[in-house]
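J.: Protein chains in written order, with the numbering used here: chain A, 1 to 454; chain B, 1 to 254.
Hints are computed from structural coordinates only; laboratory data are not their basis. Given the structure is predicted, the values throughout are model-derived calculations rather than measurements. For every residue, glycine included, the Cβ atom is placed at its ideal position computed from N, Cα and C. Honestly, I wouldn't trust all of these hints.
[Said to hold, decoys possible] Simulated restraints, written as ranges between beta carbons of each label pair:
1. A:T378 with B:D136: 27 to 37 angstroms
2. A:D363 with B:R138: 34 to 44 angstroms
3. B:H205 with A:T50: 56 to 66 angstroms
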Amino acid sequence: MGTIAQVTELGSLLVAFNEIEQRTLTQPGWIRSLRRDAFTRFCDVGFPTTKDEDWRFTSVASISGESFSLPKSGRTSLTLQDVQPFLIPRAACVLVFVNGRFRAELSTTELLPTGITAGSVADAIANGPATLEAHLGRYVDIQRDAFCSLNTALFEDGAYVRAARGTVLEAPVHLLYVSTAAGTPEMAHPRNLLVAESETQINIVEEHVSLSSGVFFSNVVTELIAGENAVVSHHMIERESRNVFHFSTLRMQQDRNSNVSSHSVLIGGALVRNNVHPVLGGEGGECLINGLFLGDDRQHMDNYMLVEHVSPHCNSRQFYNGILDGHAHGVFHGRIVVHQEAQKTNAKQTNRNLLLSDSAQIDTKPQLEIYADDVKCTHGATIGQIDEHALFYLRSRGIDEQAARGLLLFAFAGECLGRLKSDPIRKHIERIVHLSLPAGIRPVTEDGLEMASR
Amino acid sequence: MSLLEIRDLHATVNNQEILKGIDLAVNAGEVHSLMGPNGSGKSTLAQVLARRDTYVVTRGEVLFNGKDLLAMKPEEAACEGLFLAFQYPVEVPGISNAYFLRAALNALRKYRGEEPLDAIDFLPILKEKMKLLEMDERFQGRSVNDGFSGGEKKRNEIVQMAVLGPKLAVLDETDSGLDIDALKIVARGVNAMRSPDRAIVLITHYQRLLDYIVPDYVHVMAGGRIVKSGGPELALELENKGYGWIAPDLVGAE
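Work out the full structure: start from the sequences and follow the hints.
T.: Now the structure itself:
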């Protein structure tokens with residue numbers, strides 16, 4: 001609490017915290033004390049600065065200098081028609097959150113099979129299932145990350161998804177977060193708890209969109225627990241407006257023989273921080289971290305990966321591709337920590353970047369901390385322009401230069417899309433990535449022929 | 001008029017002259033073989049024809065279908081019916097073979113004022129050509145050339161040629177590095193493409209390819225020029241005697 005900036009910043013946050021405390025008087029004691037501890041922690045440390053090693057390439061001054069209020073209560077006039085364009089065909093369910101609050105009338109959960117629970121975390125807190133207390137707030141470290149402590153202190157709602165032991169659900173579970181900020185800057189701190197019990201299989205899509213261009217601070221924390229032998233894929237799509245500050249933390253706790261993949265696609269937002277933090281906590285765990293970030297103008301996209309190997313015989317693979325144009329600034333920070341017990345770890349990390357303009361910038365930083373002696377860790381990063389050989393190759397087949405450039409950009413993105421196993425989700429994301437390319441260089445995929453290779 | 005007419009073609013790369021006056025006429029229906037030692041300018045000629053801009057033409061002209069080829073962009077040359085099978089096919093990770101090839105075919109069709117093909121029309125064509133080149137169907141969905149063996153890449157070039165159906169195909173050392181089985185497969189693919197309205201130029205180091213694809217004409221390049229032309233028997237002579245007897249001053253120690 002050193003600087004004046006921090007005191008003013010606390011002004012609006014303190015107001016928000018008091019408001020939340022008042023609103024959640026009926027919540028159980030353990031949650032209320034979790035909130036209070038988290039807020040105290042945040043007050044102690046404040047927002048990080050670029051002097052903090054984990055934030056070296058990303059300044060959050062634009063957030064700490066702004067006052068954000070919680071969205072006004074009362075319903076926004078969104079209808080099903082407003083959310084329709086964002087839906088995924090063949091999804092098993094969609095939970096819609098507007099400015100951080102669950103909206104049952106926009107959501108569909110009727111088709112969910114037995115064994116799958118999906119709904120509002122605030123409702124779950126009110127109903128008090130045992131899973132909640134066992135997991136909520138148990139994995140995210142509020143000491144380490146100020147945004148996680150802020151989320152824990154200020155969360156109102158979020159998704160609660162549980163796959164009961166042995167349940168298999170292939171159709172996507174879609175979590176859709178819509179911001180409608182207009183006028184004074186607002187914020188939401190969605191808090192998700194996703195529990196895949198042992199021997200389950202589930203595909204989750206967490207998607208953030210805007211229906212307005214107001215200034216918004218969205219600070220999401222997701223705790224994903226994968227039980228023994230569970231197979232889980234999580235997809236985060238950030239495509240909010242260019243006036244949104246988006247912070248997101250995905251903390252994955254993996255039990256023995258679980259197989260978890262995290263796919264992130266960053267397209268929108270002014271300032272985006274994407275934290276992915278798996279802990280391979282049981283033998284034989286498998287973790288894939290796959291990401292694509294597409295920035296232009298003055299977008300800032302920071303990807304902070306922390307892969308922790310705690311148990312032996314686990315594999316982790318990280319692949320992040322960035323395409324940056326204009327004055328965009330990308331960051332890839334790939335930290336791998338192999339703890340002493342985690343023998344026979346196999347960890348791989350690759351970050352590839354395409355810079356389309358002279359003013360675009362990428363900072364890529366691998367960081368390996370290995371305390372075990374029998375491990376295999378590799379990392380590599382590349383930064384380059386569009387491959388002229390490939391461009392000529394495509395043109396020599398009759399494809400004009402602009403279309404060839406579009407294809408190569410999409411191909412570069414396609415490396416990441418090719419790792420998406422779920423067909424409806426891959427098609428959904430492929431379409432989004434497509435639409436984000438400038439119209440002139442957008443490849444055609446009007447029919448069934450898929451562009452991304454597998 | 002010939003399908004391809006090259007007159008006094010000079011070209012440089014990095015200010016160094018590689019082609020020093022090429023004259024060559026290729027008629028529809030003919031197969032020409034272009035042979036010669038390393039550095040004689042064969043691949044440069046192929047790249048110039050395909051309109052690679054790293055090569056600068058300093059003199060001469062090239063007419064393709066009676067049109068000025070040197071004024072065309074690579075994609076225009078392709079749309080006019082020129083196809084180059086690359087010596088080193090480029091890997092394009094992230095884009096499937098099928099998608100790429102349909103995009104190419106539809107670009108050609110658009111140029112000719114034809115309707116684009118959708119997946120249902122296109123995939124059977126691709127399937128048939130892949131079968132001809134004995135390529136597994138799973139290559140359809142795989143990234144273009146990515147992780148292919150050398151032989152698979154070369155066969156994939158011929159698949160592309162077969163799908164695109166060019167008027168003039170230039171095969172730049174498509175036979176290099178192929179084992180005899182793969183060579184036979186490639187030769188079968190190329191022979192299936194021979195037709196009265198199509199010309200093929202085979203660039204090769206080795207006579208062996210010409211056992212399977214018998215050319216109508218053989219040309220020997222050395223020092224940036226065509227120094228000798230003849231029938232198929234010339235290739236056999238080269239096989240026996242090497243290049244030294246044709247242009248000792250240009251070929252050096254060979």
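J.: Work down the list of hints and note, for each, if the structure agrees.
T.: Evaluated hints:
| no. | hint | verdict |
| --- | --- | --- |
| 1 | A:T378 with B:D136: 27 to 37 angstroms | holds (30 angstroms) |
| 2 | A:D363 with B:R138: 34 to 44 angstroms | holds (38 angstroms) |
| 3 | B:H205 with A:T50: 56 to 66 angstroms | holds (58 angstroms) |
Every hint from the earlier list agrees with this structure, and none is contradicted.
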